[in-house]
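Asks: In case you want the letters, here they are:
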Amino acid sequence: MGLEQVDEVLHLFPPTLKEIIARLPLKVRETLEEIRLRCQKPLHIRWTGGDSWLTVEGRLTQNLIEAYRVEAKDVQHAVQALTQNSLYALEEELRAGYITIKGGHRVGLAGETVVEKGSIRTLKNISSLNIRLARSLPGCARPLLPYLVSPSGRPYHILVLSPPRCGKTTLLRDLIRSFSCGIPDLGLPGLNVGVVDERSEIAGCYQGIPQLDVGPRTDVLDRCPKWEGLLMLVRAMGPEVVATDEVGKPKELEALQEALHSGVILLASVHASTLEELKRRPGWGVLLRQGVWQRFILLSRVLGPGTVETIMDGEGRALLIGPRKLLS
Amino acid sequence: MVLLKVTGAGLIILSSGFLGLILSHIYQARPAQLKALISGLKLLETEIVYASTPLPQALGRIGERLEGIVKLLFLETATLLREEPGLPAAEAWEEGLKKLKEQGALHWQDLEILKALGQGLGVSGREDQVKNLELAREHLKRQLALAEEVAQRQGKMWRTLGFLLGVTLVLLMY
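Which chain is which? The protein sequence lines are G and U, in order. Mapping of the first sequence onto the numbering used here: residues 20 to 347, in sequence order. Mapping of the second sequence onto the numbering used here: residues 162 to 335, in sequence order.
Any given hint might turn out to be false.
To be verified - Which stretches of chain U does chain G cover? Using the computed rule of at least three CB atoms under 8 Å from a CB of chain G, they are:
| hint | region |
| --- | --- |
| 1 | 209 to 215 |
| 2 | 241 to 251 |
| 3 | 279 to 285 |
To be verified - Rough simulated footprint, nothing fancy, chain U against chain G, three-plus residues with beta-carbon under 8 Å:
| hint | region |
| --- | --- |
| 4 | 36 to 48 |
| 5 | 98 to 112 |
Claimed, not checked - Label pairs and their in silico Cβ distance ranges:
| hint | chain 1 | residue 1 | chain 2 | residue 2 | range |
| --- | --- | --- | --- | --- | --- |
| 6 | G | P269 | U | A212 | 35 to 41 Å |
| 7 | G | E110 | U | R226 | 22 to 28 Å |
| 8 | G | S292 | U | A212 | 57 to 63 Å |
It is worth saying that the hints were derived from the structure and are not from the lab. Note that beta-carbon positions come from the ideal geometry of N, C-alpha and C, so glycine has one too.
Using the sequences and the hints, build the whole thing.
Replies: As structure tokens, then:
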């Protein structure tokens, strides 16, 4: 598994780079996470097991001199393929700094910014690309589900705490998918789920259509500011569960509370390594003391991305003590 | 005998007259193609500004709506861009221009204007694209005015010259 995703981004590359990627060892290709192109700098990749430069033969190397230097025309080719030669059609995306392509993969961009009245208008002379492969792991959350659904077959309000790159979004996506599909074993019927996907990471929408499996009863607001989107979804789509990634701004916390009053179940994630750390953040102390959240899932990378450290209930009592690796 | 001569003379006059008409028609081709190009570029501007359609689809759509030889430029460029996603738009456009040069009645000045437009195609924001397209359209309009003048002058001349030539030939033969 995992090779289709690589094929989906391969069309962006010029022939030389295509060759190099195609020659990578199978193990690396299967777990590829990132391909970075930087003008006149060595070609860089990262996979689950590590990171490395690449030689022109597609060999991994730690030696900078051996590495293939990405040429300006390689980057240009990728940008042209990425934008279909139509920068004008992607002004919003350029301003945000990334483009989501078919398959839900995200390409981050850097280069020269055009600034107007103090804010970024667009990007030009793009010189760095970071192609991040979206990998969904349907079913990865299954071992956790018994802890997350009440005896009456209703999901709890869940908050996922995780440092960056620990599989937070992957877990969130599979929870969304599970609730959307329904879990007959736990007596949970399929629920309507509303997702506010500010950075197109959860559902990987391409032209508004989710590219990753988020379940059959899921509505996605793509590229939408969280605080606005949460309430808009509650008003417009009547979801039973609302889900969003990386909440943190005061406005977003307010919106979460308001959504709560309307009776929906919350599913969210936040950048944090421990509950104590989170309590000290502005705005969070109050929200945590109110006892809104009924389940906390803590992630880490101890056994690789997607390691569950603990699951706690609303009072902070551990229900599951890890580390335990999610299904892969 | 007289009947045969009269018929022959009539045929000569008619055919050279037709030749003149055909020649005058050739002069009409360039203004017609320039007009089609101008409206094609206007359509492209609309696609870019109001629909943000990506270039390959936009060019394809316009190609299907245009009449005559000019659609080759749009269709050829669109096909190339679709087949080779990393190809710069300027290169694809130039390939399309080659087709137009072979089969169309355009002058090199007209083609130069289009080539300059191609350099900037798709590589900048919306406002820039509009400016680029407007500039090209203005230049093409000037070319159109000149071409129409030529077509009118030459067209009129060939239309009458054809018949006169026929009459002269008949007179010479007698």
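Asks: Could you run down the list of hints and mark each one as holding or not?
Replies: Evaluation of the provided hints:
1. Coverage of a stretch by a chain is defined here by at least three residues with a beta carbon nearer than 8 Å to that chain's beta carbons; for the region 209 to 215 of chain U and chain G the count is 4, and the condition holds.
2. Under a criterion of three residues with beta carbons nearer than 8 Å to beta carbons of chain G, the stated coverage of the region 241 to 251 of chain U is upheld, 6 such residues being counted.
3. Check result for the region 279 to 285 of chain U against chain G: holds, 4 residues qualifying (beta carbon to beta carbon below 8 Å, three or more required).
4. Here the region 36 to 48 of chain G counts 0 residues with a CB under 8 Å from a CB of chain U, which misses the bar of 3, and the coverage is violated.
5. Coverage of the region 98 to 112 of chain G by chain U holds in this model, with 10 residues showing a Cβ closer than 8 Å to a Cβ of that chain against a need of three.
6. Distance hint for P269(G) and A212(U): a CB-CB separation of about 38 Å, consistent with the stated range 35 to 41 Å.
7. Separated by about 26 Å at the C-beta atoms, E110(G) and R226(U) satisfy the suggested range of 22 to 28 Å.
8. Separation of S292(G) from A212(U) is about 46 Å and departs from the stated range, judged on CB atoms against 57 to 63 Å.
Violated hints for the displayed structure, listed by number in ascending order: 4 and 8.
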